[in-house]
Amino acid sequence: MTIVVESAAPPRATTVRRGLVRGVLRRPAGIAGLIMLGLTVAMAVFAPWIAPYDPYETPPVRIEDIYQPPSAEHPLGTDDGGKDVLSQLIYGARVSLLVGFVAAILSLGVGSAIGLIAGYRGGRLGGTLMRITDFVLVIPALALQIVLVAILGPSLTTIILVIGLLGWTYLARLVRSETLSLRERRFVTRARAVGAGDGYIIRHHILPLVMPLLVAYSVLFISLAILEESTLAFIGLGDPTLISWGKMLNFAFTRGAVSAGAWWAFLPPGLAIVWVVLSLALLGNAIEELLNPRLKRHYLERDRADRREVVDRGLVAGVLRKIPVGGPGAAPEPILAVRGLTVAYDTPDGPLTAVRDLSFDLHRGQTVGLVGESGCGKTTAMLAIQRLLPPEGHVTAGAVMFEGTDVLSLPEDEMRAFRWTKMAMVFQGAMNALNPVRPVGQQVAEAIRVHDRTISGQLADRRAAELLERVGIGARRAEEYPHTYSGGMRQRAMIALALACQPRVIVADEPTTALDVMIQAQILELLAGLTEELEMSTILITHDLGVVAQVCDEVVVMYGGRLAEQAAAGPLFHDPRHPYTTALLQAFPDAGSPDRALHAIPGTPPQLDAMPAGCPFAPRCPHAFARCGVEVPPAYELDGDRRATCFLLDPAEVRSR
Amino acid sequence: MTPPILVIDRLKMHFPGRRSLTDSLRRVPDNPVRAVDGVSFDLAPGEVLALVGESGSGKTTTGNLLLGLLEPTGGQVLLNGEPIAGFSRRELTAARKRVQMIFQDPYESLNPRQRVGDIVAEPLRIHHAASPADIRRRVHAALGLAGLNPPDAYEGRLPFELSGGQRQRVAIAAALILEPQVLVADEPVSMLDVSIRAEILNLIRRLATERSIAVLMITHDLATVFAYADRVAVMYLGRIVEAGPTGQVLADPQHPYTRALLSVLPVADPDARDRASQILVGETPDPSRIPSGCRFHPRCPVAVEACRTTDPALVQVGPAHEAACILVGSGPIEATA
Numbered sequence: 001m002t003i004v005v006e007s008a009a010p011p012r013a014t015t016v017r018r019g020l021v022r023g024v025l026r027r028p029a030g031i032a033g034l035i036m037l038g039l040t041v042a043m044a045v046f047a048p049w050i051a052p053y054d055p056y057e058t059p060p061v062r063i064e065d066i067y068q069p070p071s072a073e074h075p076l077g078t079d080d081g082g083k084d085v086l087s088q089l090i091y092g093a094r095v096s097l098l099v100g101f102v103a104a105i106l107s108l109g110v111g112s113a114i115g116l117i118a119g120y121r122g123g124r125l126g127g128t129l130m131r132i133t134d135f136v137l138v139i140p141a142l143a144l145q146i147v148l149v150a151i152l153g154p155s156l157t158t159i160i161l162v163i164g165l166l167g168w169t170y171l172a173r174l175v176r177s178e179t180l181s182l183r184e185r186r187f188v189t190r191a192r193a194v195g196a197g198d199g200y201i202i203r204h205h206i207l208p209l210v211m212p213l214l215v216a217y218s219v220l221f222i223s224l225a226i227l228e229e230s231t232l233a234f235i236g237l238g239d240p241t242l243i244s245w246g247k248m249l250n251f252a253f254t255r256g257a258v259s260a261g262a263w264w265a266f267l268p269p270g271l272a273i274v275w276v277v278l279s280l281a282l283l284g285n286a287i288e289e290l291l292n293p294r295l296k297r298h299y300l301e302r303d304r305a306d307r308r309e310v311v312d313r314g315l316v317a318g319v320l321r322k323i324p325v326g327g328p329g330a331a332p333e334p335i336l337a338v339r340g341l342t343v344a345y346d347t348p349d350g351p352l353t354a355v356r357d358l359s360f361d362l363h364r365g366q367t368v369g370l371v372g373e374s375g376c377g378k379t380t381a382m383l384a385i386q387r388l389l390p391p392e393g394h395v396t397a398g399a400v401m402f403e404g405t406d407v408l409s410l411p412e413d414e415m416r417a418f419r420w421t422k423m424a425m426v427f428q429g430a431m432n433a434l435n436p437v438r439p440v441g442q443q444v445a446e447a448i449r450v451h452d453r454t455i456s457g458q459l460a461d462r463r464a465a466e467l468l469e470r471v472g473i474g475a476r477r478a479e480e481y482p483h484t485y486s487g488g489m490r491q492r493a494m495i496a497l498a499l500a501c502q503p504r505v506i507v508a509d510e511p512t513t514a515l516d517v518m519i520q521a522q523i524l525e526l527l528a529g530l531t532e533e534l535e536m537s538t539i540l541i542t543h544d545l546g547v548v549a550q551v552c553d554e555v556v557v558m559y560g561g562r563l564a565e566q567a568a569a570g571p572l573f574h575d576p577r578h579p580y581t582t583a584l585l586q587a588f589p590d591a592g593s594p595d596r597a598l599h600a601i602p603g604t605p606p607q608l609d610a611m612p613a614g615c616p617f618a619p620r621c622p623h624a625f626a627r628c629g630v631e632v633p634p635a636y637e638l639d640g641d642r643r644a645t646c647f648l649l650d651p652a653e654v655r656s657r
Numbered sequence: 658m659t660p661p662i663l664v665i666d667r668l669k670m671h672f673p674g675r676r677s678l679t680d681s682l683r684r685v686p687d688n689p690v691r692a693v694d695g696v697s698f699d700l701a702p703g704e705v706l707a708l709v710g711e712s713g714s715g716k717t718t719t720g721n722l723l724l725g726l727l728e729p730t731g732g733q734v735l736l737n738g739e740p741i742a743g744f745s746r747r748e749l750t751a752a753r754k755r756v757q758m759i760f761q762d763p764y765e766s767l768n769p770r771q772r773v774g775d776i777v778a779e780p781l782r783i784h785h786a787a788s789p790a791d792i793r794r795r796v797h798a799a800l801g802l803a804g805l806n807p808p809d810a811y812e813g814r815l816p817f818e819l820s821g822g823q824r825q826r827v828a829i830a831a832a833l834i835l836e837p838q839v840l841v842a843d844e845p846v847s848m849l850d851v852s853i854r855a856e857i858l859n860l861i862r863r864l865a866t867e868r869s870i871a872v873l874m875i876t877h878d879l880a881t882v883f884a885y886a887d888r889v890a891v892m893y894l895g896r897i898v899e900a901g902p903t904g905q906v907l908a909d910p911q912h913p914y915t916r917a918l919l920s921v922l923p924v925a926d927p928d929a930r931d932r933a934s935q936i937l938v939g940e941t942p943d944p945s946r947i948p949s950g951c952r953f954h955p956r957c958p959v960a961v962e963a964c965r966t967t968d969p970a971l972v973q974v975g976p977a978h979e980a981a982c983i984l985v986g987s988g989p990i991e992a993t994a
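From first to last, the protein sequence lines are chains E and C. The opening position of the first sequence corresponds to residue 1 in the working numbering, with each subsequent residue numbered one higher. The opening position of the second sequence corresponds to residue 658 in the working numbering, with each subsequent residue numbered one higher.
Keep in mind that a hint or two might mislead.
[Unchecked claim] What follows is a list of derived Cβ distance ranges for each label pair:
1. E:LEU180 / C:ARG747: 27 to 33 Å
2. C:HIS785 / E:PHE46: 47 to 53 Å
3. E:HIS483 / C:ASP687: 21 to 27 Å
4. E:ALA113 / C:GLY904: 54 to 60 Å
5. C:GLY975 / E:ASP198: 45 to 51 Å
6. C:GLY975 / E:ALA528: 53 to 59 Å
7. C:GLY975 / E:LEU207: 53 to 59 Å
8. C:ASP791 / E:PRO439: 57 to 63 Å
9. E:ALA113 / C:ASP687: 35 to 41 Å
10. C:SER745 / E:ALA528: 46 to 52 Å
11. C:THR966 / E:GLN458: 53 to 59 Å
In short, the hints are calculated from the structure, not lab data. Every residue gets a Cβ at the ideal spot worked out from N, C-alpha and C, and that includes glycine.
Modelling step: build the complete structure from the supplied sequences, incorporating the hints.
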């Protein structure tokens, strides 16, 4: 096992925070926002030193000083009292930012406390708190603020309190729902099982995970508070003793700056407000993007119009010739032939190859098992074959031939038809693939009609019912919603969906992984029955050799993105030729020989960015020798129409031993 | 034989059934969810008992009852001969130190923001059981025991930097640090790749033997317990239907449910595909609607008329081997047993 020894770890909080700062600094929006905000804060702090005049001083008003346009003496002109606008603008930042920050802290404190308590305790206390929250939320905030400030008198403290204590409701709801879901997480249960009290759990398990939310919202709250202060000041409810941007606007508009054409009296404070709010918005955007990976779009949603895989077409014919299809005089042409498939993912550090030079055949009526540990490229290979790779993934070499059609060069619209009518997929997480708000029967009927518009709704319904019946879902259940289904039933529904357009090939990605043994047996029996009855071919992706032994004719073992071994099921289990296959077999609990001790494979499959130079399995292989560490073994053709990529099978090595 | 450290006596957990307003107006009788419906077993130090069952069998609820996360509605849990129901708050906290658990999903059961060292130290901190210097020493010892060597290479890491197997080892280290007498492992390997399951199971087995920890392994997969459990208890709909030494249960299963479960286990031999596997029809019924008589009879391939009305109790079918079926102990099966 390779272990990267790190120096003593820095304390937790700093690294999380440092990671956030670093992430923000890596985003242009974040940098811009930080610089803009930083300048404003510096201006507020150093106001007495930068402002050319003291705006709180009231010299006698001279008529010739009123509404003077910008000049060398007054860079932004003067206001109705003959005072320097620039100095007021600089001093105004102090009040605006002070109100913004303090009110935001108040809102955050109250909102998170109420959200945490309501979410964590639930019950009557939580209910009461949420009703209060809802009540405050529905009152128009501005109206209430105006009334309160008017009653309590417009002082700085009042304004901060009123803004801060009315702005927390939205956050309280967010924190509550976050807390509700965190409360159910396993690590919280674990802490409780150990005997942790509520305070401990909130401090150590809930708060640190709610923190990113608070950080993201703090920025929003600051800008909201600044806007609210400006609004209040603009309508004349600012602290009369203080200068703020809103107050400047208020004076400008009530004391005739507009009619005097003195744009310098109202434009600068207006722009200052926009400037600060914009800086916070940029910053908030960067933080939000950083903390919420869901904002990145899902790869299937992406507009992929005509994003054909760019492959050297000359290769196709070449690779097809290079690896003969089947043995001499053997089986008819395969329904699916994969040749030299190589898939890479673009990353900031350059492309990483996830599947390299993968070739195999799928014949009519056959079930091929694609086996290997997680991270060995099985799913990537299957997504590539159906051209469903995420945007950063692409086929860099190889060919996929489906009944003589070159799948990788089909235009996108033909590809869409191909996907469900020729080749359909049964996913691992069945619940996510079913629409939760529509009855299952409807979804199947819809899938039938999407691909064949000529079918009437009635006929589609009838066919859907037949299909569901075939997979063991009766008419009554077909009218129900997916959430009423058990895991096994959902997987049946998924199979019915996949069969909707009578595809020739089904790709099933770990279809039984999360299911009970008995249900797994039912699903496998169903799949096997359907394959035979409908003369379909199946590719079964799994890490479970027991499943393979039960249903597969042919097995492709993958490791580190490459083919490790390919053979018919019988020979593979009785006489594995690749050490990885042997290791997998030894790790698998076999009901046929229950007394055999199991041996785990030490270590883990290689990461894409740390692929060994030679054979990818060499670091974990008990038989590895010098050559394995430097050279990549080719696929050796063995007797019985099987192949394996291991130097132990090199005739030259065999002789020298 | 060493006296059992943990005795579960006719444990019951009935959750109130969900009733709509119209149901209560129409006075439809309340249908409680009988998740655990009279389960008894005991556990000796150093012993691994596998509690096997499908989803809905009540095995996880049983585990939660042992940990005191739920209050049973009937029966009792005796720890070192004392019923935990009678424990004061302080005694319960102390009891929690003695019973620890490992969860199914090592991706979910570790706080993603906590470093390995803090995760493992957490139980000590919660119980204020050690000084800071002592904590570090014990964290290292626990990480080493769980096979994470050298410990200082791991203590500063965050869960996402570890593989699934390593995470499960972290969870095991955290469970070991209070030196528990009982370890409840709820599906400890079902989320892991088959290739590394054996190392975690070997680790748990070794800990049981070497440190005399009593282990209750909760699993849905009979195949994973063969080589690791001393005894097996098969649960169906809130009851244990068969229990006995692992070898005996495997070689000579008595209850039709156990037989069916064993018959569908994967065999690493494609030629054995046609062996008589007995795939049961349908799924485990809803525990709020437990069938009359023997709860297994609607799915039982050998059910007779009497099964509809007789609720069979566990009867002795061999040394320490019990099964709850009216066809054993009175019929043809006994003759062979």
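**Asked** Among the hints numbered above, which are violated by the structure, and what are their numbers in rising order?
**Response** Structure breaks hints 6, 10, 11.
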